[in-house]
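Residue numbers (numbering that gives the first Met the number 0), protein chains in the order written: chain A, 0 to 274; chain B, 0 to 347; chain C, 0 to 298.
No lab work stands behind these hints: they were computed from the structure. Predicted model, so just to flag it, every value in this text is computed and none were measured. Be careful, since some hints might not be right.
[Unchecked claim] Under the rule of at most 30 Å between Cα atoms (straight-line distance), these lysine-lysine pairs were calculated in the DSBU-like manner: (1) B:Lys242 <-> B:Lys105; (2) C:Lys190 <-> A:Lys99; (3) C:Lys141 <-> A:Lys61; (4) B:Lys51 <-> B:Lys99; (5) C:Lys40 <-> B:Lys68.
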Amino acid sequence: MASNIGRASSDTNKGKIPWLKLWACIFFVYLYGPIAVLIGFSFNDNRIAQVWTEFSTKWYTKAFSNEAIQNAIINSLIVASVATVASTLFATMAALVLSKGKFRGQNISLGIISLPLLVPEIATAVATLSFFAAINLPLGLSSIIIAHIVFCIPFAFMPIRARLAGMDDTLQEAGRDLYANDIQVLWYVILPQLKPGIFAGAILAFIISIDDFIISLMVAGAGATTLPLYIYGMIRLGVSPEINAVSTVLFLISLTLVGIYWFISKQNEGTSYAH
Amino acid sequence: MPISITKKAGILAVAALFSSTAFASGELNFYNWVDYTPPELIAKFEKETGIKVNVDTYDSNETLLAKLKSGATGYDVAVPSQNFVTIMIEEGMLEKIDVKNMPNYKNVDKRWQNPPWDPTQEYTAPYQMGSTSFSINMDGYDGPGNSLKEFFEPNDSVSGKVQVFRTPDEVIPLALMYLGYEQCNENPKEMKKVQELLLKQKKHVKTYNSETMIANLSSGEVLVSSHWDGYSMKNRTENNVPKLKFVHPKEGIIGWFDSFIVPKGAPNKANAEKFLNFMMDAKNGAEISNFNRYASPLDAKAIADHIDPALGKAPEINIDASVPVHFSQTCSSKSIKLYDRVWTKVLQ
Amino acid sequence: MEIKLPANPMTRRWLGLAPSVIIIFVFMVLPILLLAVYSFKPADSYGGVEPGFSLDAWTQLFFDRDLDDTLIFDPVYLQIIWRSIVLAAIGTTLSFLVGFPVAWYIVQQKKETRDILLLLVTIPFWTNLLVRAYSWILILGKNGMIEQPLLALGIIDDSLELMYGNLAISVGLVYSYIPLMILPIYASLEKLDFGLIEAGHDLYADRFTVIRQIVIPLCAPGIVAGCILVFVLSLGDFISPSVLGGGKKMMLSNLIQFQFSSARNWPFGGALTMLLLILVGIGSWFYIKASRKVEAMEK
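Taking the hints into account, I'd like the entire structure generated from these sequences.
Here it is in structure tokens:
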């Protein structure tokens, strides 16, 4: 049977069950239905979010002429940008180190870097709050940024590490044969190859930061409302098409970023310099 | 090249950070209850002074206290109720502000100057005052709408459609009144009875929430809800629940008084003082009441020209003399701990 | 470039690792340890902790202090924890039942179709959890998408009261994390040798038996990995119970958050967090073991 391993399952008919396709369709309706409802009703003229009257973009104009929402978007962008830059930088450095050879403390470092992925967000949120209070760090935009950098690092780390693992050493060796020193090898050989991985990591970090809610909820201070926090405030007051409009925008931002990420990941996988 | 993109992003981010701090000299961070700030008044203040106002919201005194205590020191003005003002003064959480000498201070009704929770008037400026109880959508309801019994032991017709505030500060005092016990209760036996009452009530409760009363009463999601007099008035007149009755229970009602305070370490103290003075102006003060539908602590004659006459006649804020009004006091630590334990048990 | 890297490779390594490791250590490990310490301190009524030592927070988990300050066993918090575990388990089971057939379906498509389908499965995962929970309010709530047509057709007279209950929370949990169930299962299925399935069909007539006896045991590690991932995330989930649960049914995460906001009982919040971490730790340990098995299978 060895010759059958890895044989594409589409080659055989034996696994297929007739209603499976139906199930999958229902599933995707279930998955995208609520989002479609959300987006659809954002264009509803009626104030009552679930009763359709006519098509209108007024909720978008209303929402985005609202200064508070504009502030929230700006805050989210600032936090995400700073957190992404910092976390991607640190993650790249760490990935470069951890990809070469074995050394003491390697596993512990890897463990610490992966830690934010394992700890539930609520635990991180309250722990961070207590810590900031204990060291008298005032809560505000900077406290959110620090907290975001922490959990963005592992997310940026993963694609970079994956890319490094798939990279081929021959070019580096060639560089060294030509008497390039380590800095030059890094700059001219490794980093350009690493580009897609770094970019993928940055996008991942950005998405995670933009979407973060619980941690921001606990450590936000005055005037530091981010977009998800703002949406949460609106939801607490009740259903309204304005929420739909703002949520749709947030969804589209995520969608765009995921699209870019996916596209880059395709490149990440494919490229190999070996001939 | 990745580095140049990173650099560009970094520069942009840093520039954005700096530009937001550049407004610091002309900013004010206002922390208020949800749906309690007239937006037009904020716009007016911004226009008159050039100060940019950021409004953040909270849903209860307890949340405000927790947030300030956990290090949110960026707020310049907040609005606690009287019993929490006392706590904050005792804990050294407030800036001293020279309210007495503000130009508009003369507009404040003599009765509310130098109040018991701020006898030297150096920590607070008055905002609004009102009462807390509960409201019933009388449409299709067959009870009299005059007793706390209808809240704590609701009729079958409203069972499962009751909303209660999320925090104990304005629920437990009502429960104590209903059971005929002392306020600021330190007696575990009596508090145990309170707990039983609340747990019995819980069976009829749909949600514990201090923000969604208007939305839920308007949509019919709930028919009975914890409420404040002015907010209930708004619910009745502006949100299409014409038969909404704000109950003045014969057992008693809670009175409260909300004031502006400036938390210690506020970054824009001078702007905060301008803001407080602005809010005590007769026209602006009247505008606050017109928006919120609560009684104004400013002198009636001073605001007579600007206040909406319908307010004076509204049933919600005119309480009959026979109904006992209890102004919440700041209770002892032992009492607070008892209340908190009872409440956590009820809420879980 | 004029920068000279230190010659010693170990120094270089530490320099490279330092920022990441230090930041995560200082802002995650230390805070969690601090919280553990706080759980052994008395609570300040107004928020924060007082100096000193106290087991109050931990006793509160199991006992209530009654009238005369004696301890009575009080399962209240254990019930919340149990409810969280049960809801997480239900969410996980439902995710598996819904997700496994989907993974199976995807694995049978051509490569290009598979990629697209996988992308479609993943996209919702990257959108904001809050936004997704809100869209469920639109559907389950009063006058929502479900109730409106039923009311209009006269099939029901009154609201179904779908919101604010265990059902709504479960739906929210399944919806939030199902991509994380599908992906690991898909990864396992992809490695499956379909020749075995053919052989199975020769031995067992019935397709379902084939699945039960052959497929599932073979991709068990992937299934286990998916289940544990979803379970652990559901256990710590905050949004579904708070947005869809209406504040009446607390789960562990809301209870924790409550201690740090209006309840102002940080030590108790700390104790609960430690408990959550222990539960998650146990789950993660099983996950790591299962992942190792999946990796071993790939070799």
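Right, here's what the structure says about each hint:
no.: 1; hint: B:Lys242 <-> B:Lys105; verdict: violated (39 Å)
no.: 2; hint: C:Lys190 <-> A:Lys99; verdict: holds (29 Å)
no.: 3; hint: C:Lys141 <-> A:Lys61; verdict: holds (25 Å)
no.: 4; hint: B:Lys51 <-> B:Lys99; verdict: holds (25 Å)
no.: 5; hint: C:Lys40 <-> B:Lys68; verdict: holds (17 Å)
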